[in-house]
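Q: Heads up: the sequence lines are chains A and B, in that order.
Residue numbers 1 to 579, in the UniProt record's numbering, belong to the letters of the first sequence in order.
Residue numbers 1 to 193, in the UniProt record's numbering, belong to the letters of the second sequence in order.
Certain hints may be false.
Stated by the list, open to error - Some chain A residues close to chain B (C-beta under 10 Å, calculated; not the full set): (1) Ser141; (2) Glu167; (3) Tyr301; (4) Ser307; (5) Ser516.
Just so you know, the hints here were simulated from the structure itself, not pulled from any lab data.
Backbone N, C-alpha and C fix where the C-beta goes; we use that ideal spot for every residue, glycine too.
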Amino acid sequence: MRSFQSMLNYFPEEVLEHVFDFLTSHRDRNAVSLVCKSWYTVERFSREKVFIGNCYAISPERLISRFPRVRSLTLKGKPHFADFNLVPHDWGGYVQPWIESMAKGGVNLEELRLKRMLVSDESLELLANFFPNFKSLVLVSCEGFTTDGLAAIASNCRFLRELDLQEIEVEDRRGQWLSCFPDSCTSLVSLNFACLKGEVNLASLERLVARCRNLRSLRVNHAVPIDALQRILMQAPQLVDLGTGSFGQDPDSDSYNKLETAMQQCTSITSLSGFLEVVTARCLPAVYPICRHLTSLNLSYAAGIYSDELVKLIRHCNKLERLLVLDTIGDKGLGVVASTCKELQELRVFPSDIHGGNAAVTEEGLVAISAGCPKLNSILYFCQQMTNAALIMVAKNCPNFIRFRLATLNPTIPDAVTMQPLDEGFGAIVKSCKGLKRLSVSGLLTDQLFLYIGIYAEQLEMLSIAFAGDSDKGMFYVLNGCKKLKKLEIRDSPFGDVALLEDMGKYETMRSLWMSSCEVTLGACKTLAQKMPRLNVEIINDSDQMEASDDDKQRVEKMYLYRTLVGPRKDAPDFVWTL
Amino acid sequence: MSPENTKELLESETSGGLKTELTLGLPGDSQVQKSGIKRGFTDVVHLNDAIAESQPHSKAQVVGWPPVRTYRKNLMKNGKYVKVAVDGAPYLRKVNLEIYSSYQDLLTAMGDMFTCLTICNVLNERKLMDSANGEEYVPTYEDKDGDWMLVGDVPWKMFVESCKRLRLMKSSEAIGLGSAAPSTPSKGSSISC
Chain A
1 MRSFQSMLNY
11 FPEEVLEHVF
21 DFLTSHRDRN
31 AVSLVCKSWY
41 TVERFSREKV
51 FIGNCYAISP
61 ERLISRFPRV
71 RSLTLKGKPH
81 FADFNLVPHD
91 WGGYVQPWIE
101 SMAKGGVNLE
111 ELRLKRMLVS
121 DESLELLANF
131 FPNFKSLVLV
141 SCEGFTTDGL
151 AAIASNCRFL
161 RELDLQEIEV
171 EDRRGQWLSC
181 FPDSCTSLVS
191 LNFACLKGEV
201 NLASLERLVA
211 RCRNLRSLRV
221 NHAVPIDALQ
231 RILMQAPQLV
241 DLGTGSFGQD
251 PDSDSYNKLE
261 TAMQQCTSIT
271 SLSGFLEVVT
281 ARCLPAVYPI
291 CRHLTSLNLS
301 YAAGIYSDEL
311 VKLIRHCNKL
321 ERLLVLDTIG
331 DKGLGVVAST
341 CKELQELRVF
351 PSDIHGGNAA
361 VTEEGLVAIS
371 AGCPKLNSIL
381 YFCQQMTNAA
391 LIMVAKNCPN
401 FIRFRLATLN
411 PTIPDAVTMQ
421 PLDEGFGAIV
431 KSCKGLKRLS
441 VSGLLTDQLF
451 LYIGIYAEQL
461 EMLSIAFAGD
471 SDKGMFYVLN
481 GCKKLKKLEI
491 RDSPFGDVAL
501 LEDMGKYETM
511 RSLWMSSCEV
521 TLGACKTLAQ
531 KMPRLNVEII
541 NDSDQMEASD
551 DDKQRVEKMY
561 LYRTLVGPRK
571 DAPDFVWTL
Chain B
1 MSPENTKELL
11 ESETSGGLKT
21 ELTLGLPGDS
31 QVQKSGIKRG
41 FTDVVHLNDA
51 IAESQPHSKA
61 QVVGWPPVRT
71 YRKNLMKNGK
81 YVKVAVDGAP
91 YLRKVNLEIY
101 SSYQDLLTAM
111 GDMFTCLTIC
121 NVLNERKLMD
131 SANGEEYVPT
141 YEDKDGDWML
151 VGDVPWKMFV
161 ESCKRLRLMK
171 SSEAIGLGSA
181 APSTPSKGSS
191 ISC
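Extracted from the complex, chain B is given alone in its bound form (with noise of 0.2 Å):
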């Protein structure tokens, strides 16, 4: 389109209007309502709060958008990120928990994602070690309820549904943490090494 047509059409808009332009006012009604009302993403948002309302950890969602093809979006609907943060390490990661099927998975994709760290299996205990400076971090989670357990000690579902996030903890900080035993998860329990 060349400017001057740009020109043309602007002009005729301070003359009073295209020609065609519909109104939703009564005949003989000066004011001229302009049609294009602007469809704002947060208006879309509200009408899809109310869906959203019962789903409590999702976002509002708008159909279509982000525009993924359906194949794509279902292979991503078993999507639960949680933090995972290294003491000592300045920087957080994100490990989606729904592709891991267990605790050894878990373990390997955290190794692999701080690559100083490798697994070291001692009497049982799950444990990483950085080879550099022979630390151990033992893997916690904090649950639904707040509170900072071991990882491992439940079924691995019933880990996967209560973990919010993910804390790879120096072991001599881990004195003290609670862990799942069958009658009362309460800090102040010991581990044994």
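If we strip away everything but chain A, and leave its shape as in the complex, we get (with noise of 0.2 Å):
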């Protein structure tokens, strides 16, 4: 009898390929390329979406003789403490040199989708003028640009669908940017544009949206007024995504009237957010039309809510699937949300005051919020205090935990009514929760909390560490333990050489490490730069704290590897080293 991969050999290539079609995920493509050369080779002429987890671990040139057919790439660039300040701008993830490549590999580019990249207004006009059919651009976290670029964007795009802008500063040319889309542009699906602090023009926003009748996402940012969203609202009932602007107002306005009207017409809207200026609660019951049918709603901008407030909207919404609030809510409004929201998958409570004055949610909302909601898989918690006892309540609660992140505003605080270090409450989590990916700890930790991840933690792909642990040991038991650890970013922790260097080849299964303010020397750094040659080991020394000196025990204050097929990298700047 023939054996089953020889049957498999008499497939033609067309048979694949229309297998490998219904593969979606690029792991799952991964593993396919992986079997035999044959597969490998329709699985690369087929592919056409690319995701480039560091856009600095391969090149745009090889991506492109790889997957020739790619029209949709998604690229990340700095590390994700660039987030928090930790990495100068200029640090690199510049996107030009791939849209570059991809221009003259006559690449049919239809999406990109960057993170933390560094984009300019020169990338966005070539990505404007030399893809025809470009239809999706999605920009989270990136910086560079100007409005210029999206004007260019508006201009020669002729099938945009998705203009998706999160979270960026742009600077503003106030050159009227959005009635630079073209009378004959009505194809778009998906517009988002709340992060911009310019000013927009209300009557061609107006008309863009009249004309474009497949318009399900639109989240204008604080320039719409409410008049402007109430005729907009009329203009496009069919939407499922809205983000309502600044939604600022005098609430006995007639406009106010008249938006509750038109939110009444909008029946598909499941999705809401905005509230970016809101001083007065008055206004919310505008929306209630459509809360009931509320699968996510974010009003973690909306400083002015008060718990009270907060709490009577999120009453109407019993079928939130996803929730952003500020700590406003307070342990008793998470209560609320416990025995309302019992679909609720995914929670992000955000501090209000940055000094943590205001801060109102403690371990309690999120035992409530545990007891309440058997669906919770994903949480993102910034409180004043956590305990032992309450964590562990939540890991026998909640044992479906993908996503786990507690940011204790204090970041050593210890358990708040024992005083112990917080190890046995993540230590529950982690055994409790065994399809557990990304971690997030704060709070008084040591190498004990260490030793539990590594030995129960085994899906863990993403886990970040601050002022934790009390020994090298600590860092190495997550080493060897979590088998399937992609992301690891360490800051202000007593791990050093030692830990680092006891397992080099375990980085190249990972995608990265950072670790700062932490025990490592330059001369660590080296010794593993030069036994690893897959590795890009990167100083960073924007403070001029290191000298080029060969003092190998100096202390390394921002080291950032990451395994790559390229090698160094030829545009870091001068404050990074590649050893």
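Starting from two chains that each stand alone, build the complex the way the hints lay out.
A: Set out below in structure tokens:
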């Protein structure tokens, strides 16, 4: 009897290709390409979506040569801690070389998704002019461009479906970029410019919405007032996702009543965000008509809404699956969420006051949520204090966590009741949540917690550590135990050379390692770089703390290492040393 | 990681340290110094205190903590939280003065927060009234100098800058409270109702 393998070899390529079409996850496709040469070949010619988690792991030329038919590219640039000001702006992560190569290589690019990358107006112009079928641009936490770049996209991308800008500081050039969408543009499905600080031409926006009959998602910025929002909603009752912009207004005005009426027409809205400048909760009832359909609600920019009013709104939202709020909601408010939102899967509670003076959520709120929402699988929780008992209870109530991120406002605070480290609490989480993929810990923590993580967190892919641990053993437990670890980021913890060098091969199985304000020395980094040619070991010397002298004993303030197939990068600025 | 490996690690520790352990001692020095020094939060705070000294009201801050994205942090930068007390109510609330742009906004917010109170503008005096018991409350604040003043007499921005906390005082008790009249902001001037 012929072996199964040889039977498969007789399949014409078209059949294989058709089968591979059903594989959407890039991990599945990566696995398939490793089976044999013919599968590798069929897969690479048929792959349309490519995900590159670190833009320096590979070069654009190699991407295009392996996947010539790529249509959708996702790229990530700066390390995650760049979000918290730990990485200088010009560290790197430029998209320009990628766009240039794809233009030269005749790639039929339709979709580009970037995170933490540097994007210039020139890049956007190139994108707009060289890819006639370009449809979708999603930028998250990127920087480096102005509204001129947006104008180029709006003017030239004839089939643009999606323009989505998230948490970006865009320099406003007052060029009326929104008015650059030509009258012939009717293809928009998703438009998100909520983070833009500048003005937009309201008449252009209203006309744009009116002619894009397929528009499903619209998130406007603070410059769109209530009366304009109301007119827009009347034109687009088919919306599924709405970002309300400022939503600040005089609640007694006529606009408010008109808005409520317009909302009643929007029976398809399931996702709501915005509320960027709400100063009084009296305008909130305008959205009550759509609350019962909402599955996603983001109130985390609404600094002016306090607990009682938040709760009144949330009581109407019993289908919520995703909720983002500020800690002004309080433990009591979270109790109401727990009893109302039985479908809740993801919760994020952000701090309202950086200094923590106003922090109103504690371990009680978290326990209440875990008890009331059995489907909870993802949490980001900034809190004033925490206890082991609470975490143990949470672990028992919710064994399905995939992402668990806790940030105590004081990063080394112990258990609020017992004054013990929070090892046992977090230990319970990793022990109970067998599917945990992402974990961020905080509070007073010893090596014991990392021992637990190494033993129990079998599916863990990303771990964030700050101000924790006692010795190199802590880091060793994690590197040795977590077989699926992809990203490890550590700051202000006493891990040093011994842990770093214990298992150097491990880093080739991971995407990256970040260590800042730890005990790692220059000598150890050099050793690692020398022994592992397929790693880039970069030292970031942005505050001139280190001298180029060969004092190998000096401590390294910031080290970022990542696996790569293309050697040291050529665009590193002066303050980044690749060893 | 299996428990057996852990044991192995711990055993080698007791038998004289891991082979690759670096030390800071001189060659031949038998004392093995621990290379890990716990970087406590307090250490970092002391480093930052020097910077913080120039900002009298700020607590010492660690770069990048709490881990909030820059975009969100910039929105939070404008935060001046003051306590709001209501005579007779057993709890305090906090309000962020920086998000309001006028006294009217602030009063509306206080009406929202203490939902039993409604604003009544009587003879241009800004007051809040509890419809349940008919009590009238006058918003007052403690200023930088520690004096209790009536809310509403100074330009809004000046008020935000000098206000340390707010108190909704029962009208009956507010007699004799200072108001920011141009000459002397002294206690003892009467209020016309």
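Q: Output the numbers, in ascending order, of every earlier hint that fails for this structure.
A: none
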